[in-house]
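So the protein sequences, as listed, match chains H, L and B. Going left to right, the first sequence walks through residues 1 to 379 as the numbering used here numbers them. Going left to right, the second sequence walks through residues 1 to 225 as the numbering used here numbers them. Going left to right, the third sequence walks through residues 1 to 847 as the numbering used here numbers them.
For the record, the hints were derived by calculation from the structure and aren't laboratory data. For every residue, glycine included, the Cβ atom is placed at its ideal position computed from N, Cα and C. Heads up, a few of these hints could be off.
Claimed, not checked - Pairs of lysine-lysine residues, derived as DSS-like cross-links and limited to a Cα-Cα distance of at most 25 Å, are as follows: (1) 170(B) to 79(L); (2) 536(B) to 285(B); (3) 15(B) to 224(B); (4) 67(H) to 15(B); (5) 575(B) to 165(B); (6) 15(B) to 104(H); (7) 704(B) to 575(B); (8) 104(H) to 575(B); (9) 148(H) to 67(H); (10) 104(H) to 704(B); (11) 172(H) to 148(H); (12) 23(L) to 221(L); (13) 587(B) to 536(B); (14) 104(H) to 183(H); (15) 183(H) to 148(H).
Claimed, not checked - Now the in silico label distances, taken between C-beta atoms and shown as ranges: (16) 216(B) to 264(H): 51 to 57 Å; (17) 354(B) to 162(L): 50 to 56 Å; (18) 354(B) to 128(H): 42 to 48 Å; (19) 201(B) to 147(H): 50 to 56 Å; (20) 224(H) to 427(B): 54 to 60 Å; (21) 759(B) to 47(L): 34 to 40 Å; (22) 224(H) to 155(B): 49 to 55 Å.
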Amino acid sequence: MNNLNALGTLLITFLSIVAIAVKLLSAADNSWSVAGFLSEGAPPLGFEYAIEPRPFEFPKDHSSHPKFRSEWWYFTGNVNSETGSSFGFQLTLFRFAFRPQATKSNSPWRRSNVYLGHFAISDFTSGVFHNFERQGRPALGLAGVRDKPPRIWIRDWSIELIEAEMGIWQLKAQEAGVVLDVKANSRRPITVQGDQGLSKKSEAPGNASFYYSIPRLAIAGSITTPTGNHQVYGNAWFDHEWSTSALADGQLGWDWFSLQLSDGRDIMFYQIRDRAGRTEAVSHGMLLTKQGVQTALRPEHVQITVTQYWQSPTSNARYPAAWQIRIPTHGISIRVLPRMSEQEWNQSFVYWEGAVVVTGESATEPISGTGYVELVGYN
Amino acid sequence: MANEYPAVNLSRVCKNYGQALIKQRVLIDVELRINRGEFVVLFGRSGSGKSTLLNLIGAMDRPTSGLIEIDGIQISNLKERARTEFRRASLGFIFQAYNLIPTLTAFENVKLPLTLNGIFDETPALKILNDLGLENKAGSSVEDLSGGEQQRVAIGRALVHSPSLILADEPTGNLDIETGHEIIRLIDGLVRRNGQTLIMATHSQEVIGYADRVLTIRDRKVVEL
Amino acid sequence: MSSLIYTAFSRHLIKHPWQLGLALLGIAVGVAVIVSIRLTQHSAFEAFDIATHTTMGQASHRLVGPKGLVTNEQYQRMVLAFPALPMTPVINQRLTLPEHGRAIELLGIDPISRTKFNPGGKVDRLWFEPEKLISEPRSAIISRTTAAELGLRTGSYLTVNYGPKTARLKIIALLPPPHSPGGLVKGLIIVDIATAQEVLQLYHGISHINLLINDNYTATHLNKTISAAYGDELELLDLAAESRRIKRMTAAFYSNLNALSLMALLVGMFLIYNTETFIILQRRKILGCLRALGVSRRQVLQSILIEASCIGVIGSLGGIILGVFLADSLLGIVSTTINDLYFKTSIDRLSVASTTLFGSFSVGVASTLLAALIPALQATRIEPTLMTNRNSVQPPNIRQICIIAGIIFFLCNLLSWFTLEYSQSPNAGFVGISLVVFGFAAICPLAIIALSAGTRWLLSSQRFLPERHGLRTVSTAVNRTGPASAALMIATAASIGIGIMIMSFRVSVSDWLDTALRADLYVSGEHFDNQSRGVKLSPAFVEKIERLDEVTSTSTVLRQQIKTPSGNVQLSAYKLNAAARQGFQFKVGDSEAIWVQWEDSDVVIITEPYAHHNLLDIGDDLQIKTNTGERRFQIVGIYADYASERGNISMSRNTYDRHWERDDYDGIGIYVAPNVSIADAASSVTAVINANSTIVVNSAAELKQTSLEVFDRTFLITELLRAIAVIVSVIGILGALLAQQLERTREYGVLRAIGFTIPEMGRTILTQTFLLGATAAMIAIPVGILIGVILIEVVNPRSFGWTMIMQIPTALMVKSFAIAVLAALGAGLYPSYRAARIEVTDAMRYE
């Protein structure tokens, strides 16, 4: 019987080898990471770079700057409904160019840009982070930017300046039963960032962007989630930035804060982190008073301490999840807390973009506020 | 352990071959009683019915009628399976053509009855190979052995599991006279030492001298010579 | 427990390696054929899936336009109507490569919207940068295999032609084979959708839209929206259903091959049976002795079956290895057939499915055990014996053989008849064939006895003593010679039956082509892709053709996919002249009555396969969705058509025009004036065709030739397997006869001793083998014809709905007869040689 057992073992071994080989052949490793359209390396020739400050001209500069490789329009906001629900929302439309201009062609499909949209509703009442990504080829009018009046869209997601004089924007996006349909009324003037709108990302010339914000817009409109339709009011922040640069070597990512305080002051600050985890000197920000007085914030003005971390169960990335921020020159000492942890994007790029709540003191007066924080480069 | 039963007891045994119409009667009303430890020679021409009788006593065939008892066990009406088990445990066979299994070695041939009886102790096989002077041939293929050696292996195989009855069919038929005598002496010695009963069918005159009793088949009946 | 018994057995086999080899070969070949057929089928399906996947990603549906075109505007409207639905435009078109003299499939994609169709919704960035494909005009990607075939590398340029249009594409990346993630099938060139439009110079639209629909609600909603917005302009195809349908279509093709592989296994089983019988016969002595020593019947049975299962295991493993190699070489042929008949795909690689291997392995072992069971049971009957084994070959009990053979013959044929009569399944046909074959195999021994007796009676003269002796031996050893000749009979009969079927099929197709191809020239918009549709011919173009002096008259056809309650089907709308009407052979329905109603009543005629698959008959109504709503059309005729397995519906163009609004055509049949040569007419017609179009002109003879070439390629694999089956059975006969000679060595010694000369020995043996071959061939002819009848009358109509005119080609019969007899004679040569060399004394000493 021993012979038989041996034969059986041999047979099973043989067939297992065949089976394993087949498995290996058919199911090769399928997990590869996508860097997204923000590709590394030098961009193709012909793009313009942000080198010198330039005058901005509105509403023209609200629309696109196709000579630059990437561009985005960024709305983030915190809103509350009449029934007491509160939400965060994000509607971002990106434009990425493969070439500075399209080749001439009879084909309406011949385009050299791609549009990417991120739309999220953070429902703090139910704790659900609804987030959707959409890509669009700017062919056949299915995505693109219009100059007059400025409108940026990917199919039925759109950002449009409906009243240029008054600075009223309309934001529309919907997917899978989640709908954002609000008007954003500028409450602050257009505020250029960095050095007259030139925002340096590293010491290298040209590694910079043109960047302006509208730090506070009043939101009114409706948000629909699976929990129902909500009339909402609140504050939003608008950023528009364009550049041809990418992160420089050694730069790992950035932390970006946009905070709207109860005393009417608005703060923007971003810090670029290097691979060693240090904050780079090019990091900067600004503080805008209710009266429209703008002060630049240098890294030495702002002390940021991370007091808590959160590890994403999806990407395993470990993000800062609570900050103590001091700006002694303005007497500000605040704590910034995510309104919920689960506001991580996990699609073409992995990053954390979420609504935050602010508590603390200004001089000795208590202040509060809301805002948005973006954390990139933690995975 | 007195056993009052005779080693072999045949009573009114008949054996016919063939179908109803062309019936061949080989044995008619055979009466035979062989005592324990006896060495009986069954003498006669070929075709006289010796082999038929041995087949009947060897539980390989069943009589057409009559009664066969071996050691008091009635084998004439046993079922095929029971007969097989009986042969396996209680009988030893020595054939004219040795009938060793050509694919097994001498030792394996001798060991075979032990294995069949579920005995895994190899000592009896080694001992009997020694007794037969074959200790140097244990691992040889039986096809490489001489006729005398082959027949000694066959004797070993017949005796190794100590059966009470040994049946030999012309064991010297294929051997020269000298070797034949040696083989008979060997069988006689071993069988008598163990008190086993031996029935040997032969037509060789030389063997008669070793036997306790000589029988023959005449007119399809067994008679003493 | 009784390992010594196994040892005693196995050492015997090892000492007779030829017998062991033969048994192993028998089962190995049987298993190999099964494995190879299964694996090629599996590989074809996998290639199809991979091709589908690389070309459409995870698309679940496809939106197609009526003329193989979805306009840019329609795409735009669809996207705006369903902004969140994953949707991607596709252009596909076959291009020619002037530098290489071959064709390549162009696939234009939008890498951006296609992202949603990739696994995990990721960008294809593993092997190339999609942005380069989009932004660099004329950039293209091909597979490494194709690149190697064309001698291209990254950065090379490739000239492609689309009709008279030419373009140069730059290869920007080479992709690995399709099995790697992000891999690509060969014969495909991927470009950006804009590049595709530029290459084809067709800027207003795309071929189709792929969609990813996950829920039925969306699908239904989409379908409603499409019908409301576009009417019949756009049609939503369920790709999963399409791919299931396409795969199902090949089932009938494979069922033929599977039947053949079972036949090979049956022959293999006979070899096993043969070997087992022989080795048991050889071991009679050992068995008798073991039985005397007290080995029980059960132990004997067990040992033999364990031995057989070892042979089965080793043989099947060998068969699996052999089968994988065989499959590898069959793949090319299967690939061609599948491309000709079913779907366009390149089967790059043999895909080894472990389930197939396990399945075939079990079948192999099980059949070995089954084949060994009868000899094993016989072995248990060996009586224990004290006597010297006289190696008596028991003369077979002729009466018993007659009775058993008669019963088996009768029962099998009866059962076969019942199966064929009362089951409608196409598989019943194969069961019926197996039963008939088995039944006839059972009477092989009988036939041998009868033939031997008859021939002996004829050869009564003393001069034929060696022959007479040979004949007697064959019949006394019928238990050994019977199976051998049965195996040869099965192989020959299968060969004849399949031959008859193929021949009949071919003749029917050829006849049909002769009848159907009434016109002299055929003009059509050539199209290579099944999923989109060909270029249409305009009324102006048809008029131009009709005005040519060389043309006396024309008939036209327009083809369209239509919706019926039983699914989509192709509708052909014919404008037929009197000659063209002759091209329809009605299987059911009176042609005069049909032509009377043809133009003015709402009647249709359907093809045989369509009638068969949908259980339709004349007088039935077909509900068809037309432009004017659902309409009922009466079926008035069923006609012969071998062009499509799925079937086809035809109506007159007049009838069509009453319900649809179209003015174009798919094809024109041109009737050439009597005094004009067809070649001249063809060149005049070609001159009319715009040099920019892909319209082609073929003569009836060319069409017929192409069709028959496709037919022959389809059955190439069948022919090959047939050859394999015959070779195996010849080996089987050889083995069986050799075994028989070995058994009879002693007898030959005696013959030599009593004065047989060497030539007389040869005559004896060759007479034996000739008789075996002749018996096999003689039974094989009627059995082969029966197999042919069942294939033609039962299997084909049930699988495909095709009827055909039965042909019994004499040449095939003669050839098969000759092969069987020659195989048998050939198998007798070595034994004759051996027998002639037997030394009298050696032979006598044997045993």
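- Query: Within 25 Å, alpha carbon to alpha carbon, are residue 172(H) and residue 148(H)?
  - Reply: Distance of about 18 Å is within 25 Å: holds.
- Within 25 Å, alpha carbon to alpha carbon, are residue 575(B) and residue 165(B)? Violated, at about 33 Å.
- Would the pair residue 104(H) and residue 704(B) pass a check requiring their Cα atoms to be no farther apart than 25 Å? 47 Å, violated
- Does residue 183(H) pair with residue 148(H) here, judged by a C-alpha cut-off of 25 Å? At roughly 18 Å apart (the allowed maximum being 25 Å), residue 148(H) and residue 183(H) satisfy the hint.
- Task: Quickly compare the C-alpha distance for residue 67(H) and residue 15(B) to 25 Å and report which way the hint goes.
- Result: 86 Å, violated
- Message: Holds or violated: residue 536(B) and residue 285(B), Cα atoms, limit 25 Å.
- Response: 82 Å, violated
- Range hint compliance [Cβ, residue 759(B) to residue 47(L), 34 to 40 Å]: 39 Å, holds
- Task: With 54 to 60 Å as the target window, see if residue 224(H) and residue 427(B) comply at their CB atoms.
- Result: Roughly 56 Å apart at Cβ, these two residues keep to the hinted range, so it holds.
- Query: Do the alpha carbons of residue 15(B) and residue 104(H) lie within 25 Å of each other, as the hint requires?
  - Reply: 82 Å, violated
- Pair hint residue 170(B) and residue 79(L), alpha-carbon separation not exceeding 25 Å: With a Cα-Cα distance of about 89 Å, the restraint between residue 170(B) and residue 79(L) is violated, given a limit of 25 Å.
- Given pair status - residue 575(B), residue 704(B), alpha carbons within 25 Å: Within the cut-off at roughly 22 Å; holds.
- Task: Would you check the hint for residue 104(H) and residue 183(H), treating anything up to 25 Å between C-alpha atoms as holding?
- Result: 38 Å, violated
When the structure is compared with the earlier hints, violations turn up for hints 1, 2, 3, 4, 5, 6, 8, 10, 13, 14, 19 and for no others.
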